[in-house]
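Given two chains presented individually in distinct reference frames, assemble the corresponding complex, making use of the accompanying hints.
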Amino acid sequence: MLETCEKHIELYKELDSYIQNFKGKKGALINVLHKAQELFGWLPPEVQEYVADKLNISPATVYGVVTFYNFFSTKPKGKSQIKICLGTACYVKGADRVMERFLDELGISEGEVTKDGKFSVHGVRCLGACSMAPVVLVGEKDFYGKVTPDMVPSILKKYKGEG
Amino acid sequence: MPLTTNTILICAGGACISSGEESVKNALERKIKEYNLQEAIKIVETGCMGACSIGPLMVIYPEGVYYQKLTPKAAEKIVEEHLLKGRIVEEYLYKGDKGKIVPQPQEEIPFFSRQVKIATRNLGIIDPLNIEEYIARDGYFALYKALKEMKPEEVINTIKESGLRGRGGAGFPTGLKWEFARKAPGDEKYMICNADEGDPGAFMDRSILEGDPHTIIEAMTIAGYAIGANKGYVYVRAEYPIAIERLSEALKQAHEYGFLGENILDSGFSFDIEIRIGAGAFVCGEETALINSIEGKRGQPRVKPPYPAQKGLWGKPTNINNVETLACVPPIIKNGPQWFRQWGTEKSPGTKVFALAGKVKNTGLVEVPMGITLRELIYEIGGGSPTGKKIKAVQTGGPSGGVIPEEYFDTPVDFESLTQLGAIIGSGGMIVLDEDDCMVDVAKFFLEFTVDESCGKCTPCREGTKIMYEILNKITNGEGTEDDIETLEKLGNIIKDSSLCGLGQTAPNPVLSTLRYYKDEYIAHVRDKACPAKKCRNLISYVIDTSKCVGCTACARVCPASCIDGEIKKPHEIDQEACIKCGSCIEVCRFGAISKVSPALD
Ligand SMILES: Cc1cc2nc3c(=O)[nH]c(=O)nc-3n(C[C@H](O)[C@H](O)[C@H](O)COP(=O)(O)O)c2cc1C
Ligand code: FES
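First to last, the protein sequences are chains P and C.
Residues 1 to 163 (this note's numbering) are what the first sequence spells out, left to right.
Residues 1 to 602 (this note's numbering) are what the second sequence spells out, left to right.
Because the hints were derived from the structure by calculation, they are not lab data.
Be aware that one or more of the hints could be misleading.
Unchecked claim - Keeping only pairs whose Cα atoms sit at most 20 Å apart, straight-line, the calculated SDA-like set for lysine to any residue is:
#1 Lys26/P x Lys297/C
#2 Lys141/P x Pro72/C
#3 Lys23/P x Glu295/C
#4 Lys297/C x Thr74/P
#5 Lys581/C x Asp53/P
#6 Lys297/C x Arg97/P
#7 Lys146/P x Lys311/C
#8 Lys146/P x Glu295/C
#9 Lys457/C x His122/P
#10 Lys297/C x Val558/C
#11 Lys581/C x Arg97/P
#12 Lys146/P x Gly315/C
#13 Lys25/P x Gly315/C
#14 Lys26/P x Lys389/C
#15 Lys26/P x Ser23/C
#16 Lys534/C x Glu100/P
#17 Lys146/P x Trp314/C
#18 Lys23/P x Lys311/C
#19 Lys297/C x Gly24/P
#20 Lys297/C x Glu100/P
What the hints assert, rightly or not - Derived coverage of chain C by chain P (criterion: at least 3 residues anywhere in the stretch with Cβ under 8 Å from a Cβ of chain P; other residues may be distant):
#21 15-21
#22 279-289
#23 426-433
#24 562-574
The structure displayed is predicted, hence computed values, not measured ones.
For glycine and all other residues, C-beta sits at the position ideal for the given N, C-alpha and C.
Isolated chain C (complex conformation) (with noise of 0.2 Å):
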């Protein structure tokens, strides 16, 4: 007879994983056997817990006790101490703000209280590769109710009085959306879910596929119903294999219990879903694009009007929306619109998922409600930054997106507010940059990025963002001039307006919004050659202050170009000519006799 039974739930998210999660599971599990409690301890894998910046984490139940940074060491010392002597390892929990020790911080502390957790309602809690636990959650409770209680017109009005907006970029009421698929003419219509998250820098859709693939399931084969659609498909990253083979698995295990396949729940109503694979390409995150991808094709976007709605996949009336969207959709169908509304604001109404990273303390996902201000998400929230340096601005919405200074940050997150400034939501990642990021930089991070992604079909988006990028690169490396700076601006806009698809129409948003809010940063890049961040390398020299150096060589030994030079114990010297400013010297020396100066010297 067992003691105790507890369920250990250990996340399996990405960030987890990278910090080593598979050898801290297989240390828990070699001890419990050594001690012979497999009966009485359950491990659990999750899905992503969001704090991916303490990880990897376990919570311990019955008791809620939140373990992080563990190591096999750790595991082992949890199971004898905790697990079978009932002592809480202090050295093990988190820790708050000043150091405090907090066993339980879902309950206390801002990063855990602060969220509403709706699409990532059971991200950590359940078991993602069992049906049973999603069950248990009220899941597939809102199938049923659709289809044994609702008409589908019933269906796409709750949807549209929650007044719920698409997450995957543009915020599109999804209601409506859905309302325009249903009442598209023929019989043969598709749904298909977008989960091709291109951002390079948000991962919720991922960890909503990862940690809780059956709510997508139960949301597409409601959708279906809802437009009269037989067939939904699931477009995923090739970059995400873990995604895949759950969802896979998630739909076997739906298929067994008949939430989906022939005459779902006895209702008469029939709907299958099928697994579509990307294959590397940011522009089938656009919807059109995206269909010719599912079909086979290369992935370049169509000319709109059509839209989807009345002619999509193969032609026929096709609805698209995002994971996060869908993730919502089941709970509004469940609890009514209201329920929905209670959070966010009148136009952007419920919550929506961040993915926090960049300069600040607390990385990871946050599900927050609409309304929230920039500073409490990223101070409250994010906990500020993590060396005490000065929080310059934060990008949103990737690179179809823009920066937002600090001085706006008591500026709420919704779809209106955002876009006003310059940058929008789109899907949520949202990258905090301090006073060592350069601004020109940036833009020109993102440049490079649509640059390579641009799918080469119309030559404003082809042409012109490499044009911009050439430009960024000229003034970082200190060879623009003024004129340039007008040009980008020029260049931007026309790229905006004669864009085909979104891809091209947002591409100059960076350069755009960076000009915005940073001309003064552009202008001392070409007027005084000096990068004020000190980032751009062509701009920058390090330099040694002699009265600091203790010529302790840690330096001279690190350095790959091998340019530091001196005597033990004397101050030494870093030969310009050969330095070739990767800045390993600075990061070691001990002394902080190191420094970066802009412009570079002669």
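Same shape as in the complex, but just chain P (with noise of 0.2 Å):
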């Protein structure tokens, strides 16, 4: 726990340098927004009532603007994020089954985490690799390309042993 605590007072500490740069400049929020999710893996209440004050703005502001984008999660993500591309060249090449197996392979519904905290499965829209759809990419950097449900079991395989 403790070293959990620690860990946090670091990361107010760098949102708190991130925010500095913003004095004077209007319009902060979202940028900060981004800042405090990369720092945090998603944006608890506590995080949300802390930027609210910071930014002296109301946390009535702040979470709506949270819950707006769908970029910002206010429920932790696992550890791997598999992002599927539901984007119309995905969807034409079948992307809806990728989805649904690995779903069935991990257990969960979109947006949930596996109990091991170590998986969890986003729809996304186009990820800009149209040509290998449909495209599923793991984490920040592991793209796979032209994927078909049979594939699913090994991609998993990968992630499974690391943590």
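Take a look at the structure:
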């Protein structure tokens, strides 16, 4: 516990110094929330309140913005986030079936985290690799193109050992 | 003393990265080092080269040899054979339609030779992170010309005469928009670049930002000068981290070289650009919602008028242009309006970038003159169907657009012609559909998207699209009635007329356009409970043809529901009750024994 608390103090400090960059600039909220989510992984109520306090706006305004944008998450995410492109090109090449297979294999629904905290599955819009449709992105960097449902177990296997 | 000097351009666009560009590059570097050729051979990671279906790609200069579908092993071989011994490695060359090997497809193959690159002129050619390469390709020349030799009004007139129209969707004349912003009273004005690229199936804006960020900086500065703004914002989607990174780096370089900041090129004009990152809301691509988002608010649209040119960001006159629109600006300023008009049509001059995807052989980004026919685009450039199945239609304009059936493929692609057909050019996404695609399901796909993305501010869009989606869901599940089809049509038209912003006003288009051309498919769903394309799960069954099945057990082994039974070497059978209709069996059957039937068996 203590360790995480100390870690959090560090994170808040880093957030503070980021907020300093925006002194005197207008409309910083969304950029600050991006930073906060990058640091904490998601946006728990405490963090939202903290941001509201620092920027001198109401928590309701912050909450309103957080819930408006898909990118901001009010729930924790898995260690490996599996992003399945549901853009048009991927849809016509059968992305729905790939999504279904991932959810089946992991026994969760979209947006949920597996019990061990390792995975969460998210439908996203065009990943800009339409020629490789259907496309799956694990984490920030691992792209998989032309994915078929049968490939799903072997993709998952690569990440199961980690963590 | 190095024997030869080669430059390898390796494509680092989205599709090539996803097919393993990094490992290819690493292999190249390793091998080159092994042979101590670092001095003689330069590797440059470029923006998207456009031919995404054959990635990872690279071109070796000075010869201009084009290698495709690379692997680390291929890269090693190419270093040893081509770079070391000067022998072209045929197995990784581009192969034309009949398997003919083409070392320099840029000049011979329609996919490359029919393109005219204006907005994407530098993609795949320069290192996006090197400002000097941009300058070497006449970069910042137009900025110099505008600031030093032209008055703001002359800049505006040049753009007006060129006939350039907005590439972000609406096709509004760019010069006119600049003039409105210039003439709006006030000394504080803003210039915004819309890089939100919301159409899920289009990626040209991202490719331009990633592959040629300086062109956007140059164009925005020119636009700022023309309208009288000293501050610009680029609003980029959060989903495009590489674009954000490269643009930030380019901004830094532009400052160092004096193309941004105070008193640019000693002209007395000052301009600066800040990046604002979106947060995943489609509606933020709409200009007034985008302005709210830059202000740090919920991205809900504002009522127009007042238009942004009068009252935009922080209530000040603001001009907003799309990335691709801006990328056309420097060449127009440099070469003049008539140069731009040599391509395209009277009303839609110049070129347009399309993202070809779906059931077409050559997928990727293509920039072609406006007025080209859909047939040329899809068959000549796109190479037609990859599987030999019949192409049925093309969907253009994403969630705001519609489908165009094959019978109309001789229509020229320009703003007016596509609108007449009930579709739009939109941002340039072109998804080719074939006989396996169900039009009702396509409409449902887009409606699901808009329901998700409706910002909720106005009732017709928030509630109406949801009802439309539910009806489509009913129909694809085989529970629809003929009245439902009529309701869809009525409701669609009401939503179009009564929504607050462009999102709602165009959201019914995918439904209305499929109804216009494919009503028979809707009727088959409700009347016969059949899906003619055999796509809608509730309306189909998988069956095994016992005369063709040899009992190889491949299907039984792959079935995740374990619903296929049978002895080895004897015909198998599918338990219809347990079948989840995932389609895995069809994919593995090598004897063509499994097929789909619709309506479903009971
Ligand atoms: C729902 C909706 C989404 C839009 N998304 C985008 C977008 O992603 N990118 C874009 O450039 N324009 C988008 N637009 C159009 C913009 O409102 C605006 O017309 C455009 O940025 C103007 O630039 P242009 O004249 O250079 O095309 C969208 C419009 C609507 C109604
Ligand atoms: S639609 Fe999936 S990558 Fe473009």
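| message | Taking beta carbons only, do three or more residues of the region 426-433 of chain C come closer than 8 Å to chain P? | response | The restraint on the region 426-433 of chain C holds, since 3 of its residues have a Cβ under 8 Å from chain P and three suffice.
| Restraint check for Lys141/P with Pro72/C, where alpha carbons must lie at most 20 Å apart | Roughly 18 Å between the alpha carbons, so the hint for Lys141/P and Pro72/C holds.
| query | When you check the alpha-carbon spacing of Lys146/P and Trp314/C, does it fall within 20 Å? | reply | Violated, because 45 Å separates the two Cα atoms, which is more than 20 Å.
| message | Checking one constraint from the list: CA of Lys26/P to CA of Ser23/C, max 20 Å. Satisfied? | response | Violated: Lys26/P and Ser23/C sit about 43 Å apart, past 20 Å.
| request: Quick one: see if chain P covers the region 562-574 of chain C, three-plus residues with Cβ-Cβ under 8 Å. | output: violated (count 0)
| said: Between the alpha carbons of Lys146/P and Glu295/C, is the straight-line distance 20 Å or under? | reply: This hinted pair is violated, its Cα atoms lying about 39 Å apart.
| query | Hey, Lys25/P versus Gly315/C, does the alpha-carbon distance stay inside 20 Å? | reply | Judged against 20 Å, a Cα distance of about 16 Å means the pair holds.
| query | Taking 8 Å as the C-beta cutoff, is the stated coverage of the region 15-21 of chain C by chain P satisfied by three or more residues? | reply | holds (count 4)
| message | For a C-alpha distance cap of 20 Å, please report whether Lys23/P and Lys311/C respect it. | response | Violated. Lys23/P to Lys311/C sits at ~25 Å, over the 20 Å cutoff.
| query | Hey, Lys297/C versus Gly24/P, does the alpha-carbon distance stay inside 20 Å? | reply | 17 Å, holds
| message | For Lys146/P and Gly315/C, compute the direct alpha-carbon distance and say whether it is at most 20 Å. | response | 47 Å, violated
| request: For the pair we were handed, Lys581/C and Arg97/P, check the Cα-Cα distance against 20 Å. | output: Within the cut-off at roughly 10 Å; holds.
Hints 5, 6, 7, 8, 9, 10, 12, 14, 15, 17, 18, 20, 24 from the earlier list are contradicted by this structure; the remaining hints agree with it.
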